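**Student:** Both chains are sitting in their own frames, so use the hints and assemble them into the complex.
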Amino acid sequence: MSDVRRALIWLVALVAIVIAGDHILAWVLRKVVVRSQFRYSRLYRGGNSADVIVLGDSRGLAFYAPAIEELTGLRALNLSYNSMSPRIAEAILLDYVEHNRPPRMVVIEVTSAIVSGALTSELRTYASLSPRLAALYAERYPIAAVAGRMFRLFPLNSELFLAVLHYMRQTDQDWIRRETMAPAVRTRPRNHWRLAPFLDNVEALARMVGLLHQRGIEVRLVIAPYGPSNVPVNVAGFADLIARRVQAPVWNYAGAVADPEDFADQVHLNERGGRVFLRMLQRDGAFGMTRPPARF
Amino acid sequence: MLFNSLPFLAFLPIFMTFYWATSGRARLWVMLVGSLFFYAWWDWRFLSLLLFSSLVDYSLGILLEDERHEAMRRRLIVISVAINLGLLGFFKYFNFFVQSAADVSSALGLHPTYNALKIVLPVGISFYVFKTMSYTIDVYRRTQKAERDLLRFTTFVVFFPELVAGPIVRASRLLPQLARDHPFSYERMVSGLTLVASGYVRKVAIADSIAPLVDIRFAHPEAHNAWSLLIGVYLYAFQIYCDFSGYSNIAIGLARVLGFDFGINFDRPYFSRSFGEFWTRWHISLSSWLRDYLYISLGGNRGGTWRTFRNLMVTMLLGGLWHGASWTFVAWGGLHGLYLVTQRLIGPAYQRVIRALRVPTVVSNAFLMLLVFHLTCFGWVFFRAHSFSNAFDVLSGIAAMRGASLADVDNKWRILKCAVLIAVMLGFEAASFLRDRQRAPEFSPALRLAFVAACAWVVLIFGTFSGNNFIYFQF
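Line by line, the protein sequences are chains A and B. Mapping of the first sequence onto the working numbering: position 187 corresponds to residue 187, and the numbering continues sequentially without gaps. Mapping of the second sequence onto the working numbering: position 43 corresponds to residue 43, and the numbering continues sequentially without gaps.
These are calculated hints, taken from the structure and not from any lab test. Being a predicted model, the structure only gives us computed values, none of them experimental. A hint or two may mislead.
Stated by the list, open to error - Listed next, the in silico EDC-like pairs over lysine to aspartate or glutamate satisfying Cα-Cα at most 16 Å (straight line):
hint, chain 1, residue 1, chain 2, residue 2
1, B, K145, B, D66
2, B, K145, B, E65
3, B, K412, A, E179
4, B, K412, A, D95
5, B, K145, B, E222
6, B, K412, A, E203
Just chain B, with the same shape it has in the complex (with noise of 0.2 Å):
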């Protein structure tokens, strides 16, 4: 079920009335049926892989905490992550593994014959399994409790608002507050709708805008001039970015009507002044478990300079195929290890340069703001792109400056809204950086109703209601 979708306004109340008209196991019950329901909208066949998955590491947990044998807990947690990540080899990379080791032996001079599994992707997966799989190496690591009741375990890996496109939201956050019943709150209620109205305008008046702008522009690169192709690039770096922090803030804003505290996924992560700060500010949950449960795992940066690079090299390019079974989220996710490493090696010298020659604080950060949003939005060309070629073809058209006219661009009003609305939204952004410095208390009820009857408005007035897909559903 989509949340842009008609099925999901209908479901939504009727969950909630339940949802609030019940408590303790009940109301978890109301939760895992609620969820189990959202799922099996999409296709119900893979509702026992979820199950499965849940049972498994339900299991494994409480083996885990049980267990004193450091050996015997070592075997466990390795069987865990096999599971896992053996779910998550076979259903979305076993066919680009295949091919990949077939495109290698081709180049060899061998020809191999090989058959492709139809293997459908099931939604949510790299989702669902991150959240089981960090519960379970966390158990192990004694950081958190393991789950004994298997209704809440279950309803903490199914539940909907996170379920199929993140935040990855961990067990140590939400098994405690599954724990408990949260009694209706009005602040909780109208933050979390408030929440709820910025994520609908971003993926439907903005996002789902942007998408067939961008879609023709990477399908025939050739029939754009360079700033078509240019505007292109801008466009899907916000199309990404508003779909997915749109998802996100529906998801976030959902939970917190519910009660539930979720954090944030995206922290206005265009106004990042380095590839660091780009990477604490985007997709802020998977960003994290990466830190936590690959990087600090490789060691982190305690093995010298070199070692901390290639623990980073290595986080990235793992993080990029995570999004996706192509060598072009690899290629995206070594540019931003790269990105990474070269400002770890670069940065002082700049810092130093900087101060030498008294550059003001404030045109110092507005260059590397722009200049981190371009070399972003250099990865995203790979990111976007079906294949290196059309990648290149893309960033050719660019460089060669063919046909370069601003006039000949299609769908000028069509950009032009978009561009309005992102400036609108950035705008905001930016104003809400200066309330986070200022402290400045949270707005009223009587504000936030006023901002989402203008968030109403915007969507009826610029909405694309195609039922577009969140990009991130196919990751």
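Extracted from the complex, chain A is given alone in its bound form (with noise of 0.2 Å):
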């Protein structure tokens, strides 16, 4: 046999094997997302019958859940990721209350406004149980998506992937930052800047708030604390404005946290700050039903 005719055989047996893998290793991988004790796994998997939902980015993880049941002795369920803007997250809650029994109350941390929606890339690994998250994702990245349905080991080519497996055997509800901030962090000068919100991420809310209270569902839009050098300077402004176009008050704690003790950073509280925090919504009866638990 020629050489030109060996190597074309070895190349067709090669992309043949290679897309064969593809498709297998997938389907086993896309069993395992399933599987996992990850929040979105959980979320798809459905089941779940907590009675607050917690949507945010990074600043959203401060909801600490273990903290909320322990003070309220409400069943928590934190779905905030890191980059999660409203426009992502009226994709989970919609998903989430299709596949779970709707929650009684809905907290949104407000800030998240301004992301841009990076997370969007990291959620294809949910895109086949999603068609809302995969038209998000198209939309962002439409050659990525298209490459995704060519591959489809490439949408499970994400750092929550990891986190799937991460989470195989254990919660991820615990998950919160809790070293502090570090000494050179703390001494930084006051950072002047403004929080500026995205205006699709602001009717995404609107639409959100909207839903919610027309099934009945309590919603809190709360901004977490921020570090005591770094909290922007138009807070007030950025939360009348939100308040006004949602149409839903927004409980503002910008800068009701002042020990660097309780931050990881200047953004993020820590556990002790999560839990100081809680303590304060708790205080100021932000968990307080003000309406009978939904009914579909």
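**Tutor:** Written as structure tokens, this is what we have:
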């Protein structure tokens, strides 16, 4: 047999094996995704009956679910994730109520309205389980979405998939930063910065709030604390803007925590700070239900 | 054009089709035009520089060979070296030297005014200048015949797999291969693609996945605890290794598919038991270039112990400077020079102690490997840092053991992923060591098929597709 012919056979065999292996491996790994204890795996597996759902970006992780449960006796599920914008949160929320018993309360950390939606790329891991996430992904990354249809392993290529593996047998609801601010970060001069929300995020917030009101689910729009020298200069105006556009009050705690020991950095509370913050919310009645459980 | 980009994946099959459809001089034209197109994709304006460099050394090579008078030949080689180093000096080091001179003047109380020029560094200039310079030096030394075919010589200079980031394939190796046609070979294709696949895994799955983890730690060392910074340094050691050895593997593999033999550029360097060994395993084409054209030209080890030490230090300092126009690179080179000198000073005593204590060879080797690796990592801090203060921030953060808790390290999952991939790669390297020792036969095409398929799956599921540049492009 000539060298060219042998080479062609080898290349064809290679393509066939790559594609077959890609499909088989992806099928197995998608089963793994659904069985994990990671938050979105739980969401799409269904059967959850949380009373309180939390949505937000990395700052939403300050709503430490075990502490909410200890304080209120309500079952809590935090669905926040780094860089989750309200547009993505909207898709997650709609998917949640489709697959699970609707919650009694949804808490949304509204400064996530300044996030551009980088998480869309990561959430491709769940695109096969959610037409909404698939549509968001295809809208933002059209070429990668095509690649994902050709190679089934590609959508599993994400940080979320690593999280899926990490939380295979353990809950992810105790996920919160535990370190305290490094001394150099603590002593940084005051940062004069402004919250600049994206319009489509504000509209998504408004849609979410409208839907939740319509279904009789309580909504809490909250601004979690910022580090002492990092409170945005326009935070009060931002809260007013969101409240006006969304037609719901915003609970503003941007400057409520002053002890640097309560922060992991100038943007994120650590576990200790999270507990302090949740006690404030509890004290102010944020977790109090004003309506009976919704019926569906 | 980047090897890890869509344009390259489109370019390659078109190039291959024309390459295999032609022979003789027509094939050389295909290689030349394809290579120039590959380079022009980045910036077509610098093609003139590339062609100028080729033309100058082509002409000087012929003059050097034809000239009988030694004094004239010396003048010609000085002209060649001056032009090559002049190009490199202007494009790469002009602002660096001007800034350094201004800094020294300021320190002396003078305050000169100067204007830095906005100079774009032509991609690959450090590589092709070294390649052409070694050619003329070899012709001057009469160890290489001058190439009289301009088409062949220009193709030698611009051949795309090694043009922008090496390996630095010398004329003595490549020109004879360009003088004949290479028929298509099934074995070469399979072994070449195997190398290419391993290169993509190293670059796309390992180096590019590590890059953001390292970037954030060196950008804000004050915001990371000791463990986090230490992990960042270890990760950088593997980022630069996988990035550059990945590029080299792709380049060498592509050349092998086309019928060319470039040799190897990395040979499992982190298994080295001494710095002498490290430099025979790391960026082999550069280290052998520095040895042959700098270290030996300075006298090598012929002038006694202290002259040898001086030559080692000069070679490594200049080798450091070759990597970039910054004193941190010079410091990195200087550190390696010190390592080499120290090794020569205490190496024999260490061997005597090991023999006296009857330490098993395997234990001694493992200790030496770990020692060399960690000292190399120490050097990488200066190589990666953007300034000395940045390097000292990283090192002091580690030394102070500030907030030393492994639990507080960010991006654990990504770090874990990288660690697993690195462990698998090192496992393969260790296995290849044993195979080499046992002189095991080459892997069969079926096994290579499975390996390439596995590489494709690894890239699909663990690759980072952000089109990151190769680190060595900046050099």
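**Student:** Determine for every hint whether it applies to the structure shown.
**Tutor:** Evaluation of the provided hints:
{"no.": "1", "hint": "B/K145 x B/D66", "result": "holds, 10 Å"}
{"no.": "2", "hint": "B/K145 x B/E65", "result": "holds, 7 Å"}
{"no.": "3", "hint": "B/K412 x A/E179", "result": "holds, 14 Å"}
{"no.": "4", "hint": "B/K412 x A/D95", "result": "violated, 28 Å"}
{"no.": "5", "hint": "B/K145 x B/E222", "result": "violated, 56 Å"}
{"no.": "6", "hint": "B/K412 x A/E203", "result": "violated, 34 Å"}
The structure fails hints 4, 5 and 6 (numbered hints given earlier, in ascending order).
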